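**Student:** Residue strings, one per chain:
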Amino acid sequence: MPISQTAVRISQMDKYYGTFHALKGINLEVAKGEKIVVCGPSGSGKSTLIRCINRLEEHQSGTITVLGTELDDNLDNIDEIRRETGMVFQHFNLFPHMTILENCILAPKLVRKQSRAEAEEVAMEYLTRVKIPEQADKYPGQLSGGQQQRVAIARALCMKPEIMLFDEPTSALDPEMISEVLDVMVGLAQDGMTMICVTHEMGFARQVADRVIFMADGEIVEEAAPETFFTTPKHERTQAFLGQILGH
Amino acid sequence: MDATLPRQTRLRALRTDYFSTRLDTLVTLGFGLLAAWVLWSLFDWGVLHAVWSAENREACGHGAEGACWAVIDARWRLIFFGLYPFEEQWRSALACAVIVLTGGASCAPWFWTARRLAALWVAGFVTFYVLMRGGIFGLTEVSEQNWGGLSLTIFIFASVTLLGMPLAIVFALLRRSQLPWIARTMGVIIDAIRSLPLLSIMFTFAIVLPFVLPGWMIGDKLHRVIAGYALFFACYQAEIIRGGIQSLPGGQEEAAQALGLGYWHRIGHIILPQAFRNALPATINQLVITFKETSLVVIIGFFEILASGNAAYGNSEWNFAHVEVYAFVGLIYFVFVFALSRYGAYLERRMAVAER
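Residue numbers (the numbering used here), protein chains in the order written: chain A, 1 to 248; chain B, 1 to 356.
Don't read these hints as lab results, they were simulated from the structure. Predicted model, so just to flag it, every value in this text is computed and none were measured. Treat the hints with care, since some could be wrong.
[To be verified] Short derived list, chain A residues pointing at chain B, Cβ under 10 angstroms:
#1 N54
#2 V88
#3 A107
#4 R155
#5 L165
#6 F230
[As the list claims (entries may be wrong)] Which stretches of chain B does chain A cover? Using the computed rule of at least three CB atoms under 8 angstroms from a CB of chain A, they are:
#7 248 to 255
#8 265 to 274
Ideal Cβ positions, reconstructed from N, Cα and C, are used throughout, including at glycine.
Kindly generate the complete structure, drawing on both the sequences and the hints.
**Tutor:** Here's what the structure looks like:
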């Protein structure tokens, strides 16, 4: 795979919390336009893994290269990678003191140096795409969880990122709101966005993932196309995990 | 209570709130009578039997039943303006009005951008200083040593806050520095200054510092006292701001980082605005304390409003009227402190709307 086609390349990456070995010798390569779903039991290191990709967590050895730039101690590199990498969190993390529109235009204005009018136009475009343009002047606290998460996706998209990271985007939502968020994510996938999603939504994985990665105890245990992954999982930990979440 | 509540319901609410059991009724009546008696006595003393005008001073004095407001009538200029030259006291009054207007204007949401607020306060403060100090525009010079009364109190309060607040932000950020030696050093400095009484800090800055500092740094005594007070204020306020920052969910900073915002953008747009919201009640509290403790400058020879009040009854003619003078000065403090807390309450309501 030529470098220009690689979005993220992680090789022999280790991550420690103090003496706890959280991620062990991770190797992962994600091509541009590829959709990856990461799953695994809680505490397996899947969130830590995607948080390493935009340096919300620091890795201790090995290399992470995002869009051709290596993540090291150079703050300029970190900023550059964060500009090109959008992230959606489990708890939305909208800025509660700003309106929806202000949430969306803040980073484009400050980081991309766009004019207010320009940023607002882009923001309204994405808010329309996630189907809540009419909420633009409300505050996050006035919206439902599903709406807030859709705003969070729009806010990340306003920076026109190359890669989107999703960290359990539906885990904090009431069941009836999960599908409205997943619909937006499916739409994004169809448009060819590079996506790395930590999620337990196996229906979503089946529908859009190019590859499913199963993690346990800080290691990548199995990685396969969704068809293979769900029908003939090789590793017994994978089988046990799938049995648990699909079994009922 | 909701204004649209029907009368019937309000009566019933009154009954259930205050008269629902025999004990409730007893407590309500008991305290009601006590309150009525206190209020009536105050009214009787302060209004009905009071002497209002300095011309009938003879009606005051020993054995009089009411308040002797004549002392205020006779001495109000001393209370308000202290030792400020008599013919120039209009300047002091105008200066007070300018600062009060500036404070009032900065409550208006239109001014709530860093640039507008800074411009407003610099303009208001310079106007205040020029009016008080004079020496230009044909105004006679009045040195700080002769300032006094309300305008001195306001001057000290406003400059301590204006110097102390930015300093407090810097202290709070240093205290949270990722580099442990910076964070710890700042922690030690804050703890050290907080462990000293304000009085001793003022004394040190006013009296001791001139022996230590090089000549060009000494400056005016009042300015040194303000610098010391601002440092003291900043240490307390820094901890209040730090508390506000720590009560933010970690996700806020992470979300800002993930969007590519740099440190100063994160601090200026995400962290501090929310930290100040969280810290608002404590900040208002600190401002109220700061306003009242300006009265400590009397020990190094400044006649702020409380000291001027002391001087107002401190002669043989009026020496019986200290209660009236203190009541009057207390009322002035109350007006400022009450305005401050109402403003705080207004801000809280406004923010509650944003975060509903």
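**Student:** Now tell me if each hint is right for this structure.
**Tutor:** Hints versus structure:
no.: 1; hint: N54; result: holds, 6 angstroms
no.: 2; hint: V88; result: holds, 9 angstroms
no.: 3; hint: A107; result: holds, 4 angstroms
no.: 4; hint: R155; result: holds, 7 angstroms
no.: 5; hint: L165; result: holds, 8 angstroms
no.: 6; hint: F230; result: violated, 31 angstroms
no.: 7; hint: 248 to 255; result: holds (count 5)
no.: 8; hint: 265 to 274; result: holds (count 5)
Violated hints amount to a single one, hint 6; each of the other numbered hints is respected by the structure.
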